[in-house]
Amino acid sequence: MRRIKILAFGPVGYVTPTMVTSWDRAGIDLVGPLGSNEAFHAVDRNVADGAVIDLGYGTDVLVALTDILDELSIPSVFATTSQVEPGYRGFELSSRPEAMNAILRALLDPEDTAKH
Numbered sequence: 406m407r408r409i410k411i412l413a414f415g416p417v418g419y420v421t422p423t424m425v426t427s428w429d430r431a432g433i434d435l436v437g438p439l440g441s442n443e444a445f446h447a448v449d450r451n452v453a454d455g456a457v458i459d460l461g462y463g464t465d466v467l468v469a470l471t472d473i474l475d476e477l478s479i480p481s482v483f484a485t486t487s488q489v490e491p492g493y494r495g496f497e498l499s500s501r502p503e504a505m506n507a508i509l510r511a512l513l514d515p516e517d518t519a520k521h
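The numbering used here puts the first residue of the sequence shown at 406, with every later residue one more than the last.
Since the hints were made in silico from the structure, they are not lab data.
Predicted model, so just to flag it, every value in this text is computed and none were measured.
Built from N, CA and C at the ideal position, the CB exists for glycine as well.
Be careful, since some hints might not be right.
Derived lysine to aspartate or glutamate pairs resembling EDC-like cross-links, with alpha carbons at most 20 Å apart [as the list claims (entries may be wrong)]:
| hint | residue 1 | residue 2 |
| --- | --- | --- |
| 1 | K410 | D454 |
| 2 | K410 | D475 |
| 3 | K410 | D434 |
| 4 | K410 | D465 |
| 5 | K410 | D514 |
Restraint ranges, calculated between C-beta atoms of paired labels, are given here [to be verified]:
| hint | residue 1 | residue 2 | range |
| --- | --- | --- | --- |
| 6 | S441 | T421 | 26 to 32 Å |
| 7 | R408 | H446 | 27 to 33 Å |
| 8 | M406 | P502 | 18 to 24 Å |
| 9 | G432 | D465 | 30 to 36 Å |
| 10 | A444 | D465 | 14 to 20 Å |
Work out the full structure: start from the sequences and follow the hints.
This is how it looks when you write it as C-alpha cells:
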C-alpha cells in the first residue's frame, strides 16, 4: 500500500523533526520544508496527495503556489505552525493528532471542493 505524501511549503524550521516523526508514525510522508522553486522542482510531485502552505508567505507567493498546485491537481491548505485560536477556521501544522487529522480531512475529502 502506498503511503500518503504531503508536501510542506515554508521556510527553514516550518517542518520540524518532531512533526516528521509524528506524521511518519501515522503512515504519512511529510516532505519539506520546500522553501524554494528549486526544492519544489526536485520533489516527485506525481505522487503528492496534498500540500500545506505556510500562511507567513506573501500574497504573491501564496497565489503562485496555489496556481501551480491546482494545475497539478494537488489539493492544498494554508497553515500556521502556531496553535490555532478557538473559533478560527485555519489549520495548524504540528505533531498534534487533532491538527494532523484536520489537515488530512481537508486535503483528502473528495466532497470538499474548497481546499485553500
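Each hint, compared with the structure:
For the suggested pair K410 and D454, the alpha carbons sit about 5 Å apart, so the restraint of at most 20 Å is met. A distance of roughly 16 Å separates the Cα atoms of K410 and D475; the hinted pair therefore holds under the 20 Å criterion. With a CA separation close to 5 Å, the supplied pair K410 and D434 stays within the 20 Å bound. The straight-line distance between the Cα atoms of K410 and D465 is roughly 25 Å, outside the 20 Å bound, and the hint therefore fails.
With a C-alpha separation of about 15 Å, the suggested pairing of K410 with D514 holds against the 20 Å cut-off. For S441 paired with T421, a C-beta distance near 19 Å fails the hint of 26 to 32 Å. For the hinted restraint 27 to 33 Å between R408 and H446, the CB-CB distance of approximately 22 Å leaves it violated. Between M406 and P502, the C-beta spacing of about 21 Å keeps the proposed range 18 to 24 Å intact.
Between G432 and D465 the beta carbons are some 35 Å apart, a value that agrees with the proposed interval 30 to 36 Å. Distance hint check: the CB atoms of A444 and D465 are about 18 Å apart, consistent with the given range 14 to 20 Å.
Comparing the model with each earlier hint shows violations of hints 4, 6 and 7; every other hint is respected.
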